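The listed protein sequences correspond, in order, to chains A and B.
Terminal number for the first sequence in my numbering: 454, no gaps in between.
Terminal number for the second sequence in my numbering: 552, no gaps in between.
Please keep in mind that the hints were generated in silico from the structure rather than gathered at the bench.
Hints may contain errors.
Said to hold, decoys possible - Straight-line C-alpha distance at most 35 Å; calculated DSBU-like pairs for lysine-lysine:
id: 1; chain 1: B; residue 1: LYS334; chain 2: B; residue 2: LYS313
id: 2; chain 1: A; residue 1: LYS47; chain 2: A; residue 2: LYS298
id: 3; chain 1: B; residue 1: LYS313; chain 2: B; residue 2: LYS100
id: 4; chain 1: B; residue 1: LYS168; chain 2: A; residue 2: LYS34
id: 5; chain 1: B; residue 1: LYS489; chain 2: B; residue 2: LYS334
id: 6; chain 1: A; residue 1: LYS101; chain 2: B; residue 2: LYS459
id: 7; chain 1: A; residue 1: LYS34; chain 2: B; residue 2: LYS162
id: 8; chain 1: B; residue 1: LYS168; chain 2: B; residue 2: LYS313
id: 9; chain 1: B; residue 1: LYS283; chain 2: B; residue 2: LYS459
id: 10; chain 1: B; residue 1: LYS489; chain 2: B; residue 2: LYS536
id: 11; chain 1: B; residue 1: LYS283; chain 2: B; residue 2: LYS100
id: 12; chain 1: B; residue 1: LYS459; chain 2: B; residue 2: LYS400
id: 13; chain 1: A; residue 1: LYS380; chain 2: A; residue 2: LYS283
id: 14; chain 1: B; residue 1: LYS168; chain 2: B; residue 2: LYS283
id: 15; chain 1: A; residue 1: LYS52; chain 2: A; residue 2: LYS34
id: 16; chain 1: B; residue 1: LYS459; chain 2: B; residue 2: LYS536
id: 17; chain 1: B; residue 1: LYS100; chain 2: B; residue 2: LYS162
id: 18; chain 1: A; residue 1: LYS380; chain 2: A; residue 2: LYS47
id: 19; chain 1: A; residue 1: LYS34; chain 2: B; residue 2: LYS313
id: 20; chain 1: B; residue 1: LYS313; chain 2: A; residue 2: LYS52
id: 21; chain 1: B; residue 1: LYS400; chain 2: B; residue 2: LYS168
id: 22; chain 1: B; residue 1: LYS100; chain 2: A; residue 2: LYS47
id: 23; chain 1: B; residue 1: LYS400; chain 2: A; residue 2: LYS101
id: 24; chain 1: B; residue 1: LYS100; chain 2: A; residue 2: LYS34
id: 25; chain 1: B; residue 1: LYS283; chain 2: A; residue 2: LYS101
From a predicted model like this one, the values you see are computed outputs, not experimental measurements.
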Amino acid sequence: MNIVDRRLNPSGKNLANRQRFMRRAKALIRKAVHESSASRSIKDADQAGEVSLPAHGVHEPSFRRSASGGIRDHLLPGNKRYVEGDTIPRPPGGGGAGGAEGAPDGEGEDDFRFALSRDEFVDLFLEDLELPDLAKRKVVDAEQLSWHRAGYSVSGSPTNLALNRTVRNSLSRRIALRRPKAEEIQRLRDEIAALSADEDAKEQRLELEEQLRRALRRTSLIPYIDPLDVRYKRFEAHPKPVAQAVMFCLMDVSGSMTEHMKDLAKRFYVLLYIFLKRRYKNVDVVFIRHTHQAQEVDEDTFFHSPETGGTVVSTALDEMRRIVEERYSPDSWNIYAAQASDGDNTASDNDRTANLLTKVILPACQYYAYLEVGRDSEHFPPGFIRRDSDLWQTYTAICRSGVPMAMRKVGHRRDIYPVFRELFARKNQAETA
Amino acid sequence: MSNIGMETSTDAGGGDAAEATERAEHPIFEGADWEFSTIQRAHEVIQRVALEELGLDVYPNQIEVIGAEQMLDAYSSIGMPLFYKHWSFGKHFARHEAMYRAGMQGLAYEIVINSNPCISYIMEENTATMQALVIAHAAFGHNHFFKNNYLFKQWTDADGILDYLEFARGFVMDCEERYGEAAVERLLDAAHALMSHGVHRYPRPRTINLRMEQDRQRERRLHDEQVFNDLWRTVPGKGTQRSDPSAEERRRALLQLPQENILYFLEKTAPRLAPWQREILRIVRHIAQYFYPQSQTKLMNEGCATYVHYEIMQRLHQKGLLTDGAYVEFLRSHTNVVFQPEFDDPRYSGINPYALGFAMMQDIQRICTEPTAEDEIWFPAIAGKGEAMAVLRDVWANYRDESFILQFLSPRLIRQFGLFHVMDDAAEPTLSVEAIHDERGYRKIQRALARQYDVAWIAPDIQVVDVNLAGDRKLILHHRALNRITLDERDARHVLQHLADLWGYDVLLKELDPTTDAVLKEHAATPRGGLLGGDGG
Numbered sequence: 022m023n024i025v026d027r028r029l030n031p032s033g034k035n036l037a038n039r040q041r042f043m044r045r046a047k048a049l050i051r052k053a054v055h056e057s058s059a060s061r062s063i064k065d066a067d068q069a070g071e072v073s074l075p076a077h078g079v080h081e082p083s084f085r086r087s088a089s090g091g092i093r094d095h096l097l098p099g100n101k102r103y104v105e106g107d108t109i110p111r112p113p114g115g116g117g118a119g120g121a122e123g124a125p126d127g128e129g130e131d132d133f134r135f136a137l138s139r140d141e142f143v144d145l146f147l148e149d150l151e152l153p154d155l156a157k158r159k160v161v162d163a164e165q166l167s168w169h170r171a172g173y174s175v176s177g178s179p180t181n182l183a184l185n186r187t188v189r190n191s192l193s194r195r196i197a198l199r200r201p202k203a204e205e206i207q208r209l210r211d212e213i214a215a216l217s218a219d220e221d222a223k224e225q226r227l228e229l230e231e232q233l234r235r236a237l238r239r240t241s242l243i244p245y246i247d248p249l250d251v252r253y254k255r256f257e258a259h260p261k262p263v264a265q266a267v268m269f270c271l272m273d274v275s276g277s278m279t280e281h282m283k284d285l286a287k288r289f290y291v292l293l294y295i296f297l298k299r300r301y302k303n304v305d306v307v308f309i310r311h312t313h314q315a316q317e318v319d320e321d322t323f324f325h326s327p328e329t330g331g332t333v334v335s336t337a338l339d340e341m342r343r344i345v346e347e348r349y350s351p352d353s354w355n356i357y358a359a360q361a362s363d364g365d366n367t368a369s370d371n372d373r374t375a376n377l378l379t380k381v382i383l384p385a386c387q388y389y390a391y392l393e394v395g396r397d398s399e400h401f402p403p404g405f406i407r408r409d410s411d412l413w414q415t416y417t418a419i420c421r422s423g424v425p426m427a428m429r430k431v432g433h434r435r436d437i438y439p440v441f442r443e444l445f446a447r448k449n450q451a452e453t454a
Numbered sequence: 016m017s018n019i020g021m022e023t024s025t026d027a028g029g030g031d032a033a034e035a036t037e038r039a040e041h042p043i044f045e046g047a048d049w050e051f052s053t054i055q056r057a058h059e060v061i062q063r064v065a066l067e068e069l070g071l072d073v074y075p076n077q078i079e080v081i082g083a084e085q086m087l088d089a090y091s092s093i094g095m096p097l098f099y100k101h102w103s104f105g106k107h108f109a110r111h112e113a114m115y116r117a118g119m120q121g122l123a124y125e126i127v128i129n130s131n132p133c134i135s136y137i138m139e140e141n142t143a144t145m146q147a148l149v150i151a152h153a154a155f156g157h158n159h160f161f162k163n164n165y166l167f168k169q170w171t172d173a174d175g176i177l178d179y180l181e182f183a184r185g186f187v188m189d190c191e192e193r194y195g196e197a198a199v200e201r202l203l204d205a206a207h208a209l210m211s212h213g214v215h216r217y218p219r220p221r222t223i224n225l226r227m228e229q230d231r232q233r234e235r236r237l238h239d240e241q242v243f244n245d246l247w248r249t250v251p252g253k254g255t256q257r258s259d260p261s262a263e264e265r266r267r268a269l270l271q272l273p274q275e276n277i278l279y280f281l282e283k284t285a286p287r288l289a290p291w292q293r294e295i296l297r298i299v300r301h302i303a304q305y306f307y308p309q310s311q312t313k314l315m316n317e318g319c320a321t322y323v324h325y326e327i328m329q330r331l332h333q334k335g336l337l338t339d340g341a342y343v344e345f346l347r348s349h350t351n352v353v354f355q356p357e358f359d360d361p362r363y364s365g366i367n368p369y370a371l372g373f374a375m376m377q378d379i380q381r382i383c384t385e386p387t388a389e390d391e392i393w394f395p396a397i398a399g400k401g402e403a404m405a406v407l408r409d410v411w412a413n414y415r416d417e418s419f420i421l422q423f424l425s426p427r428l429i430r431q432f433g434l435f436h437v438m439d440d441a442a443e444p445t446l447s448v449e450a451i452h453d454e455r456g457y458r459k460i461q462r463a464l465a466r467q468y469d470v471a472w473i474a475p476d477i478q479v480v481d482v483n484l485a486g487d488r489k490l491i492l493h494h495r496a497l498n499r500i501t502l503d504e505r506d507a508r509h510v511l512q513h514l515a516d517l518w519g520y521d522v523l524l525k526e527l528d529p530t531t532d533a534v535l536k537e538h539a540a541t542p543r544g545g546l547l548g549g550d551g552g
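Bound-form chain A, shown alone:
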């Protein structure tokens, strides 16, 4: 009998099959992912989780008998009261009394549930999306350098000593120059000692002593480790592109913004955050809320603290400019901004807003997204145009092709994701809003 311990075998043997399955069911999984993300709470929108697929999508068909019709025999255990010839009313749900004719692999019409890892989930979630304009704004100010190993060198600091390589060189040199080994010298010494008492072998002893003398001399001439042998690990510096981004969330919190609108905006911000998080190691988020004046706040205040006042959008842009100047130099930060508003603005402020945006904000930004949130009841079918808001009109004038800006209207939660996809779809065409 053999006992084999397989527990330490590499795991993930099934990975190849899993990938094939994912590829196969991709369309279905993608749909399921989006459905499930809609029902999740925002905080864990990018966590791992289960999705369920309709069973027929990945069904493996076979010739099998249908579950109804015809004549069926059931053999059942546990008879208590029936006698031959009894009739039994048909149980509801067809002839499923015995279940003996169930699907062969127990695969009924139930949905097929399975778990996706976080990465798989986010991958599918953000599939086909790309950050716009990365190429244009390649930040290669080599402020940060990263060091990579790059072979060996003959000089360097002692901490970088490449011990293996050094000893290897030394060994080959010693072999090449025939440096006597310690064992050989010891052997000569032992033989001399053995012969020392014996007068007859004096000649032999003298010869050995001569050999020993030569060996010792050779040893002292040929060092064990020569400076020639020494090697150091060599490092090269590579400039590291700046991989950090800051995301500005601008929101109108004046009285006209309802909870529903804030919720829509929040969802959009969450999507943007997940998305940026995938591309950049460090993503800072700055929340700026405004009424007729703007201020930077923390997330909780941003979404939940009630505020009253008028609506002056340019104040928020001013605040953003101030923060960018203070903390986020466009040279080392990728700046993204998303503005959510119901579209109201004080009429006199429109010009100033347009000015600020074109002159200051847009040049500094990678991308600027404007989301106009409407009331749920006001949901309008795509293509239907109602009267445009002040801000919408202002921005439409700015937003033309070549400008890193996009604007969309959203009225319902379910539109958020499509709009987001539209904004960030790969093949970033000229904005056509």
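Keeping the supplied structure of chain A fixed, place chain B upon it in accordance with the hints.
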């Protein structure tokens, strides 16, 4: 045989015989923890009991300890240690994993593979008692059954299966590199859909070699010469009429039609498959054939293994090799396994093969040693024979589920299980009870239950009946719809589509009522291009 004599006296004598065997100094283990030496020791004592006392005949054992993920792996590739890659295995893995994580499903304690050496997987989470139980159950019970049952002998090659799987995996991987994953995947999809109809149900006649053919021809000629009578020539005949049917018959004979092994038929006959595609069909077909006996012997196989583990564990306990605690743990697990919920119990999901199998094995043992008058009438051949193990070994070797039930389901068991037969005719408004556990019902119940285990009744009977290779090459199949149960419509359509893709031309499936030959339903499919690769499909 002397062994067996002794062993039966143990059975009959009960307690005193057990007292007579000296008790071991120490149990093989104490507590739940185990290490490899524990398994080694357990295997040794179990082997002694199994071979010397029960007279089992097994392949050498290989026991592999695995973790949960590996067990899930094994699940998803139908228990085989190595398998080619296909998305469906990934799907099964995902399903089992999700159920396991949700706690809806425990994992099996073991999986055993019909190979030589016989590989048993045991889970690392099992307690020492469970490991002993698993070794007795799988490494000896199933192992004995695999090695001795006639179906396995006839249909499977335990020595070669692992090598064959290795070859299959390599071949499929090769094809994927050469022809692309997509092409191979489509082919495997189609082949898997037809897998249930890719087995030979009966041993085929050996192909005749030239010498035999010549012999046969000579004999035939001799016979013709002997019975030659010139008068026959003068009898007015049907003359011209003969050519047509004979052409059709010849065609069908050449193609070995009707043919129920659809994959085999495609492999040999489909006009447009490339050689590598035929080889992959062959691989799928071989694997289906390898599993064919298992589907026919589920009840017996589990019954045999359960009976063996029960006997072994009991004897180990009697010898003092199992502590009382371990024995109780074993009994608890054993009773769970052989639990049969009644039909009106919410837990009921069909007849538990472990329960019925084990009960029947024990019943045979009882009939051999303590027959009742009823048994004498029903089982004259074995009642009171005494040598229960010899009888059981013979049963395990020579029956499959269907014949086993027909032969050995005793009235006593039918009463014990309260089995009754309900008929559900879709044409009638109510179900009717056909038979119960009474004098008139025993035979009927035996027959009806046996039929449920008969492959001919389980799998729909679908045959390739005709194709005109010289004409439009339309492939015609018949499904003889037993009891007028037609095929599942949606599935049939999908499978037929796969079949058409493989065949390369139109396919027609007719569902017939076998009693009247009336057509109940027809399905047709036309090949989608693409499967057959770049030959202009």
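Each hint tested on the structure:
no. : hint                   : result
1   : LYS334/B with LYS313/B : 31 Å, holds
2   : LYS47/A with LYS298/A  : 23 Å, holds
3   : LYS313/B with LYS100/B : 27 Å, holds
4   : LYS168/B with LYS34/A  : 32 Å, holds
5   : LYS489/B with LYS334/B : 69 Å, violated
6   : LYS101/A with LYS459/B : 18 Å, holds
7   : LYS34/A with LYS162/B  : 30 Å, holds
8   : LYS168/B with LYS313/B : 16 Å, holds
9   : LYS283/B with LYS459/B : 42 Å, violated
10  : LYS489/B with LYS536/B : 18 Å, holds
11  : LYS283/B with LYS100/B : 25 Å, holds
12  : LYS459/B with LYS400/B : 27 Å, holds
13  : LYS380/A with LYS283/A : 28 Å, holds
14  : LYS168/B with LYS283/B : 25 Å, holds
15  : LYS52/A with LYS34/A   : 27 Å, holds
16  : LYS459/B with LYS536/B : 31 Å, holds
17  : LYS100/B with LYS162/B : 29 Å, holds
18  : LYS380/A with LYS47/A  : 44 Å, violated
19  : LYS34/A with LYS313/B  : 29 Å, holds
20  : LYS313/B with LYS52/A  : 40 Å, violated
21  : LYS400/B with LYS168/B : 27 Å, holds
22  : LYS100/B with LYS47/A  : 18 Å, holds
23  : LYS400/B with LYS101/A : 34 Å, holds
24  : LYS100/B with LYS34/A  : 10 Å, holds
25  : LYS283/B with LYS101/A : 54 Å, violated
When the structure is compared with the earlier hints, violations turn up for hints 5, 9, 18, 20, 25 and for no others.
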